[in-house]
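Trainee: The residues making up each chain are set out below.
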Amino acid sequence: MKILIVEDDLTSRMLMQELLGKFGDLHVAINGAEATEAVRISLELDAPYDLICLDIMMPQMNGQEALKKIRDMEEGKGILSSKGAKIIMTTSLADLKNVTASYKNLCDAYITKPIHGEKLFEELRKLKLLS
Amino acid sequence: MLEIMDRKEDGKIMAWNVDGMMERMLHDVSIAEVIINLFLQDIPSQIEKLSESIAEGNIKQIQYHAHSIKGSAANVGGEVMQTTASSIEEKAIEGNLDDIQRLQSSLETHFNELQNLLTDYLETLNNVS
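Each protein sequence line maps, in turn, to chains X and E.
According to this note's numbering, the first sequence holds residues 1 to 131 in order.
According to this note's numbering, the second sequence holds residues 1 to 129 in order.
Chain X on its own, in the form it takes in the complex (with noise of 0.2 Å):
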């Protein structure tokens, strides 16, 4: 599984990394700008991420916009978001009620920090993504 990783702080980030590194090729980005740039490489060279954990507050472009930037460059290549990355996004509680609707469609999953290991494997299972 190829993973993108996208948090900016850096214990939550090596948190991530800590829980899912064992399950396949892991990268991370800082923030969504990054974030944005990795999948326009990985789209290009044909090796699209299965996954990208999308935090929702960062500088540099919010996990929001950079949900919406890697949904269109997917449609931009012809890939349906059902057959485009799973994209679990991650947030406080408190910031989950600032995310409207149609941002909520674009992404698969919402997990809250702090993130819960088993509750995050669950997401992944129920994404067919783990067995």
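Think of the hints as simulated: they come from the structure by calculation, not from any bench.
Given the structure is predicted, the values throughout are model-derived calculations rather than measurements.
Glycine included, every Cβ here is placed at the ideal spot set by N, Cα and C.
Each hint should be verified, as a subset may be incorrect.
[What the hints assert, rightly or not] Footprint (simulated), chain E over chain X, 3 or more residues, beta carbon under 8 Å:
# : region
1 : 14 to 27
2 : 111 to 117
[As the list claims (entries may be wrong)] Keeping only pairs whose Cα atoms sit at most 30 Å apart, straight-line, the calculated DSSO-like set for lysine-lysine is:
# : chain 1 : residue 1 : chain 2 : residue 2
3 : X       : Lys83     : X       : Lys119
4 : X       : Lys83     : X       : Lys22
5 : X       : Lys68     : E       : Lys60
6 : E       : Lys60     : X       : Lys104
7 : X       : Lys97     : E       : Lys49
8 : E       : Lys12     : X       : Lys83
For this one, chain X is given, so just place chain E on it according to the hints.
Mentor: Leaving out everything else, chain E in the frame of chain X:
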């Protein structure tokens, strides 16, 4: 502030909720060790950046740094510190600089308390191995 103290006395939030932290980290001590070490090294510079933002009265930066500290503290189960950082974030959204300045010293105290607990825990791990 009053709200934080009340909740603390109720026992609803803990300076360090080790059980919650370990559950989130799949009871994997090696993950806990990595994240705690990282937290202890990273937080002082985050608090420094927050202090600079407060001194400058830069509300947007205060909100950002408080949000980061809140998330980091939450990862290691530092509930009291997380709550204080969360209060600073909320006050920043309200633009209430006076309350932020009052909460700033509490945050440092709560970090010091948590730091002692986490350092003791790491020492215990080193003695076992």
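Trainee: Tell me, in ascending order, the numbers of any earlier hints that this structure violates.
Mentor: 8
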